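Here the protein sequences come in this chain order: A and B. For the first sequence, the numbering used here assigns the number 2 to the initial residue and increments by one for each residue that follows. For the second sequence, the numbering used here assigns the number 66 to the initial residue and increments by one for each residue that follows.
Hints listed in this document are in silico derivations from the structure and should not be mistaken for laboratory results. Note that the structure is predicted; figures quoted are calculated from it, not measured. One or more hints might be untrue.
Covered by chain B, according to a simulated footprint, are these stretches of chain A (three or more residues, beta-carbon under 8 Å) [what the hints assert, rightly or not]:
hint	region
1	74-85
2	89-100
3	111-119
Idealized CB from N, CA, C, for every residue including glycine.
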Amino acid sequence: MPILEVRELRARYTSSGPEILKGVSFEVEADDFFAIIGPSGAGKSTLIRCINRLVEPTAGSIHFYGTDVTTLPGRQLRILRRDIGMIFQEFNLINRMSVMDNVLSGRLGYTGNVRTLFRAFPRADIERALELLQRVGLQDHVDKRADELSGGQRQRVGIARALMQGPRLMLLDEPTSALDPKISREVMGLIKTMAEEFGVPCLCNIHDVRLAMEFCNKIIGLQDGVKMFDGPTGEMDQAKLDQIYAMEVL
Amino acid sequence: MAGSAGRATALQWRRFRFPQSLIGHGAWIAVLAFLAFSVDHLEIPLERIPDMLGRMWQVLASRYYPPDLAYILDRDYLDYVVETIQMAYLGALFGLLLSVLLGWFGSFNMTPSRRFVYPVARLFTMGFRAVHEMIWAILFVSILGFGMLPGVLALTFFCAGFAGKLFAEEIEAIDMGPVEAMRAAGANLFQTVVFGVFPQVRVAFTGISIYTWDVAFRAATVVGFVGAGGMGWYLKRAVLQIETERVAAIILSIVALVIVSEIVSAYARDRVMRMK
Ligand SMILES: Nc1ncnc2c1ncn2[C@@H]1O[C@H](COP(=O)(O)OP(=O)(O)OP(=O)(O)O)[C@@H](O)[C@H]1O
Ligand SMILES: [Mg+2]
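Isolated chain A (complex conformation):
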């Protein structure tokens, strides 16, 4: 039984503009770590943002544990988003807040407005945040401001923040593109370990095909808004890669 079923998904940013996703379908199982690869501008970020509706799809359906995401009204959409953690290429941390507050912000979906205003998170949340910070190796940086950290450390905060939600799915938009190769590998490894430990399936945009082959069990190849490949990592080969990246030979 797939936990996420995407059917014939279409998206465009403006009604007159080009169609970015042209009917993409795929399924994610509970133990999948999916890589989405494809050339720049293929629509990978758009695809991932449609799943938690940061971008509104124009047609098609997205079923997450049986609920159709595309039709949810505001409040229910926020409740759904609590179940989907997201990690960003540029980390998207709140630079002027402490590491702790950044991690706690993952709980906002569960926090009331008054508590939010005074940053009065429940004891249990704080304990969980400390635990997660320990797990991602930032126990010595809890009170530092986010902008005092290195890139790798920032993404670790991003990971802790996403896990703080207790997600049932994680969306990763090129989580390591802003990091150097060595740190990239470490961070991918950490994400993979945590995802397995917490039993969270992942959908990960990734530029680096080698990294994708190494860490992911399934791959979706996207080209110009069309799915070109969908299958286990083992079935991917050079010929298919060339087709996805459509090396233009002039």
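Please build the complex by placing chain B with the ligands on the supplied structure of chain A, with the hints as guidance.
This is chain B with the ligands only, laid out in the frame that chain A set:
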């Protein structure tokens, strides 16, 4: 193939293009022509300027000197100075509270609704700005009568327009990354603003608030001229009674107070900006 075809068109380039250049140069000519026209209309007698300056100096020296310092050290007058400060404080405070809302609602990226709330907030901000603070004061005095209340209201409106626009601009310039992250975590709009927006604009808002206090205080010293409370009333009375030495003293006191206020707030702003 495609390369050589592209090159033929790419080689044509000109700095001056027909309609744009004409409009640009035309605008410059219009500006200069209007300058000449206006200066001509002033009919400034250039040859008499040195003479005029000399006479202005004489008038100042004979009528406005020495300033009646005892008058401004009087208990009554000092009460009015305190009232001016209170008025500026309340006006700036209420205006800033209002302008936080105006700034939020009137920022295109964070407004609760782009169709309805955004244009309404922008309209209010523009309305507050469009009317000069003295006109607000006249308006409120004519509705509410003399006193401090119309002054506070006039300053509130003035500050709301002044800071509302600046706040909205700050919010529109933020990095939307954290905002997107908060949304993705299931935060509602209010929470998104508290976590995603406010930390990014806090320092700028504090700076703008201090600046707003500055202009509010300067405005507060004169709104009394139309009966809206504060030391402006004293100024008006002295002017009407042609007590020029008192007028001089009052103007000096206003200048001194405004300078002190500006120095203090420049210092405070500087400290705040360094907090980053
Ligand atoms: N906010 C936006 N408004 C309008 N067009 C957009 C927007 N975001 C992306 N696009 C367009 O959508 C297309 C796909 O963009 P998308 O970011 O999904 O690609 P991508 O596969 O993630 O590329 P990259 O690997 O460079 O991140 C691009 O042509 C881009 O110009
Ligand atoms: Mg992208």
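**Violations among the numbered hints** = none
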